[in-house]
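Chains as they are written, first to last, in the working numbering: chain A, 1 to 324; chain B, 1 to 276; chain C, 1 to 342.
Think of the hints as simulated: they come from the structure by calculation, not from any bench. Some clues are possibly wrong.
As the list claims (entries may be wrong) - Keeping only pairs whose Cα atoms sit at most 20 Å apart, straight-line, the calculated EDC-like set for lysine to aspartate or glutamate is:
{"hint": "1", "chain 1": "A", "residue 1": "LYS279", "chain 2": "C", "residue 2": "ASP234"}
{"hint": "2", "chain 1": "A", "residue 1": "LYS279", "chain 2": "A", "residue 2": "ASP258"}
{"hint": "3", "chain 1": "A", "residue 1": "LYS269", "chain 2": "A", "residue 2": "GLU292"}
{"hint": "4", "chain 1": "A", "residue 1": "LYS269", "chain 2": "C", "residue 2": "ASP234"}
{"hint": "5", "chain 1": "A", "residue 1": "LYS229", "chain 2": "C", "residue 2": "ASP59"}
{"hint": "6", "chain 1": "A", "residue 1": "LYS279", "chain 2": "C", "residue 2": "ASP59"}
{"hint": "7", "chain 1": "A", "residue 1": "LYS279", "chain 2": "A", "residue 2": "ASP268"}
{"hint": "8", "chain 1": "B", "residue 1": "LYS87", "chain 2": "C", "residue 2": "ASP234"}
{"hint": "9", "chain 1": "A", "residue 1": "LYS180", "chain 2": "A", "residue 2": "GLU130"}
{"hint": "10", "chain 1": "A", "residue 1": "LYS184", "chain 2": "A", "residue 2": "ASP215"}
{"hint": "11", "chain 1": "A", "residue 1": "LYS279", "chain 2": "A", "residue 2": "GLU263"}
{"hint": "12", "chain 1": "A", "residue 1": "LYS279", "chain 2": "A", "residue 2": "GLU292"}
{"hint": "13", "chain 1": "A", "residue 1": "LYS180", "chain 2": "A", "residue 2": "GLU169"}
{"hint": "14", "chain 1": "A", "residue 1": "LYS79", "chain 2": "A", "residue 2": "GLU43"}
{"hint": "15", "chain 1": "A", "residue 1": "LYS115", "chain 2": "A", "residue 2": "GLU130"}
In this text the structure is predicted, and so the values were computed from the model without any measurement.
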Amino acid sequence: MFATKLCHSLTCCLMFLSLLVLSPGALAKPFTDDLGRSVDVPETPRRIISLYDVDITVPLIELGIIPIASHGRMGLDGKPYLRTSKLLTGVDFDTDNIRYIGSTEIDLEAIAALKPDLIVTSPIRATPIEPLQYLAPTVSLDASTLGTQHVYRKLAELTGTQNRLRALETRYKAGIDALKSTLKTGDITVNVFQPLNGKISLYHTYRSLGRVLRDAGFMFPALTNNIPKGDRIEVGAEYLPDLDADFIFDPYRADRGDGAMQERAAMDKVFPGFCQFLKACQNGRYILVSREVAISSSYSALALMTSLVQSHIASHLAFAVAKP
Amino acid sequence: MPQIEPKHTRHPLLTQNLCLSFGDSAVLHDISIEIPQNRLTVLLGPNGSGKSTLLGAMSRLNRPFRGITYLNGKDIATQHTRDIARKLGILPQSPLLPANMTVYDLVSRGRFPHQGMFAHWTSADENAVIRALEITGTLEFSNRAVETLSGGQRQRCFIAMALAQETDIILFDEPTTYLDLRYQVEVMELISQLGTQHGRTIVAVLHDLNFALQYADYLVFLKNGRIHQPATLPQDCTAELITAVFETPVTKLTNPVSGLPVFLPLRKQGGLKNVG
Amino acid sequence: MSVSVTSASRSAWPFPVLLLALVAFTGICACLYLMLGPRTINFATILNAITSYDSGNFDHRVLVDIRLPRLLAAIIAGANLGLSGMLLQGLLRNPLAEPHILGLNAGASLAVVLTLALPTASLAALAPLRPFTAALGGFVVFSITVLFSSAGRGGLTLLKVTFCGIAFSALASSLTTAILLLDEETLQKIRLWLVGDLAGVTLHMLYASLAPSALALVLAVFIAPRLNVLELGDAVATGLGISIRQIRFLTILAAALCAGSAVSLVGPIGFVGLIVPNLVRYQNGNDYRQAVPLTLISGATLLILADLVARMVLLPHEIPTGIATALIGVPVFIMMVLRTSR
């Protein structure tokens with residue numbers, strides 16, 4: 001009995017030692033996470049587990065790192081998926097060797113069994129850090145208050161993928177520059193809103209779509225600019241004229257067959273015949289954008305949004321003269 | 001004992017073989033009584049003898065499982081509740097008093113059974129209310145809130161409400177409970193006039209034996225849910241009767257002014273322990 | 001000793017004067033409601049929109065398509081909530097009775113959410129029936145409440161019915177929440193509606209609420225003189241020719257129809273049903289026959305004002321109407337309690 005126990009402890013010690021000695025990322029480096037904790041993390045972590053699909057897993061994949069396991073969502077068909085990932089990165093639980101470790105409840109035993117060398121979580125996750133840090137070095141990154149760009153930087157620092165991030169950032173900047181060079185963005189007003197329960201939900205900067213519009217230097221109506229940065233407000237239908245712009249973007253549910261028609265019906269419920277009172281709509285410049293893409297903050301989404309904004313506005317301006 | 005004429009037409013209210021129970025326990029057994037017209041009949045009996053229950057059965061508040069109450073010669077159970085309310089009024093023991101209600105307002109609620117769908121206030125309604133206020137002596141403070149009045153005045157207001165209902169028969173359930181002596185007299189003086197002077201047939205449940213004897217035209221004694229003694233004149237009540245009904249030894253005196261009997265309890269030290 | 005005595009009450013204003021004054025005040029509030037908002041529309045434009053409506057004029061459209069349906073919804077829902085409260089207070093002889101507290105609103109919400117969670121094919125068929133669905137939900141939940149609180153010793157008491165009401169209200173609310181947790185799509189559709197809000201009211205919803213409202217009103221006119229005598233206790237009322245069972249059934253039915261119409265229009269809004277009947281009683285005394293029109297008008301006015309506050313207080317934000325009624329209702333309610341407890 002005692003012998004088995006001793007044997008067991010010894011095995012554990014050996015395993016632990018072997019982890020330290022054998023793993024390539026064994027050389028530790030200090031890292032300060034968004035909770036202000038200083039954590040010794042491997043030089044180049046290889047076995048990363050992500051506890052947040054949208055804010056951690058997708059950025060990691062974009063940086064070229066496939067985590068060994070991730071948080072995900074449970075689909076109605078009983079199969080787990082990474083939210084927005086297939087659409088934006090082409091990677092999901094069923095395409096790559098990523099273990100699903102739960103949605104709201106995270107399976108700690110599964111994490112232990114996978115022997116990770118780094119766990120990345122977020123302050124808004126329900127799982128406490130305490131038990132996680134016994135399993136592997138654990139860092140917490142805060143995308144919701146510090147922004148996605150910050151998280152990309154931190155993840156690049158953790159995984160040594162700064163070069164890859166630089167490339168992504170350069171590609172994005174080039175896209176924005178191209179947009180700016182083809183359009184006089186400072187002369188064009190844009191706005192982003194969507195109908196919500198009989199009112200209009202208006203956004204200062206709507207995720208990737210908003211960031212593209214802001215970075216490109218487009219003008220927004222005063223009502224929109226007065227919203228605190230990153231925030232949104234709900235206004236009544238009577239504000240319709242104050243919401244008008246040269247181009248209006250409405251993030252709609254593109255994951256349903258009748259999403260576009262439903263969006264229009266919802267707007268008509270807010271204000272019957274709304275189109276009549278929006279210049280943008282009268283001129284065919286009320287543009288429905290896939291909410292799934294627009295709401296993401298990934299570089300793929302930014303690229304898609306850049307090109308979507310550019311081609312929509314450019315073609316309207318080019319053919320505007322043809323209109324009486 | 002006087003003979004009460006057993007003609008149905010002479011009796012606006014009578015019961016035949018009433019049996020009533022609450023749950024498993026029988027409360028009234030085979031009660032048959034006839035209420036004399038234009039008189040004050042008082043139901044008397046010890047606690048739990050079924051007097052209030054009988055009053056309820058006579059006014060369709062309680063439903064007997066056997067037996068019939070005849071109101072104006074017709075079975076009360078077959079009559080519409082609103083029709084009954086035009087013939088028979090009942091003032092229960094503790095009616096609720098809404099806040100801020102004026103005397104006039106309260107008394108006018110008694111007109112409900114006479115009002116139509118849209119409740120037009122007619123001169124008949126107005127006259128009935130004024131008459132009720134006059135009879136009860138409440139006209140002078142008809143504008144005051146009932147809750148600001150004394151107990152006796154308040155009870156007179158409720159009696160006025162019952163009068164405004166303009167029914168030939170009015171039933172009162174312990175109308176003098178919780179009142180001081182002065183107000184008990186005030187209320188009983190009023191009720192006793194209603195029969196002889198205002199042509200109403202009155203039935204009242206009373207607690208106080210001697211009060212009942214002074215004011216009642218007839219007395220009916222109940223015991224254990226049965227009629228112990230049918231309608232009796234006050235002067236015909238004997239000490240034996242009262243002792244038997246209340247299971248308490250009493251002695252009979254005579255009120256020197258009215259000549260009516262008064263019964264006083266005998267103290268147990270008096271050596272009459274074995275009586276009854 | 002004539003009519004002047006009949007209307008003797010705490011109010012210095014006789015009933016007809018009070019009624020006329022209230023109608024006039026409601027008219028002024030309705031005009032203000034149409035004029036004020038993020039855009040101020042002057043009275044001339046309102047007249048213009050009536051006489052020569054121009055569908056291309058934004059102000060006309062705002063008046064006719066946005067503010068008018070919403071005003072009408074406020075009137076119908078406010079009048080119904082007030083009447084529902086009045087009926088329940090009369091039935092239970094309790095000035096604290098209210099459709100929201102007693103579970104009628106929660107029952108109505110549960111019924112609406114249940115039908116919304118059904119497959120979409122049946123949804124369209126149910127939409128015009130929604131006020132009746134809601135009324136049925138309120139009726140069932142409150143009937144269960146009354147049945148439970150009538151059981152046991154002492155029959156139906158105020159305390160028992162209030163406790164049962166709160167309990168069944170909580171049960172209905174948690175069932176609603178459970179359905180919504182299982183069905184995220186329905187949740188998205190009605191999350192705001194569950195707070196109680198007038199935004200997004202359409203003419204179809206208004207039409208649908210008319211029939212149950214009218215039915216409830218007819219019942220209320222029948223019930224009101226009976227509540228006048230029911231106030232004096234069940235025995236007195238029976239003695240005066242009232243069938244207690246019939247009046248209880250009809251009152252619960254009418255109160256549920258009112259709550260159902262209101263909830264199907266604007267969601268479960270509290271306080272209106274509590275405050276309005278008490279204000280009417282405070283101002284005009286105990287006569288329920290007079291209280292019916294006064295309650296209808298006061299309820300409508302209160303909800304008009306509350307929705308005006310909801311639209312205006314945090315411009316450009318619009319807050320849910322249910323929050324505005326609470327903002328107005330709580331101080332009024334506390335003031336009322338303090339004044340009556342003196």
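Hint check results:
1. A:LYS279 - C:ASP234: This hinted pair is violated, its Cα atoms lying about 67 Å apart.
2. A:LYS279 - A:ASP258: Violated. A:LYS279 to A:ASP258 sits at ~25 Å, over the 20 Å cutoff.
3. A:LYS269 - A:GLU292: 23 Å, violated
4. A:LYS269 - C:ASP234: Not OK: A:LYS269 and C:ASP234 at ~49 Å, beyond 20 Å, violated.
5. A:LYS229 - C:ASP59: Status violated; Cα separation ~31 Å.
6. A:LYS279 - C:ASP59: 16 Å, holds
7. A:LYS279 - A:ASP268: 16 Å, holds
8. B:LYS87 - C:ASP234: 19 Å, holds
9. A:LYS180 - A:GLU130: 48 Å, violated
10. A:LYS184 - A:ASP215: This hinted pair holds, its Cα atoms lying about 13 Å apart.
11. A:LYS279 - A:GLU263: Given that 20 Å is the threshold and the Cα spacing comes to 18 Å, the pair holds.
12. A:LYS279 - A:GLU292: 26 Å, violated
13. A:LYS180 - A:GLU169: Holds, at roughly 16 Å.
14. A:LYS79 - A:GLU43: 34 Å, violated
15. A:LYS115 - A:GLU130: 17 Å, holds
Of the numbered hints stated above, those contradicted by the structure are hints 1, 2, 3, 4, 5, 9, 12 and 14, listed in ascending order.
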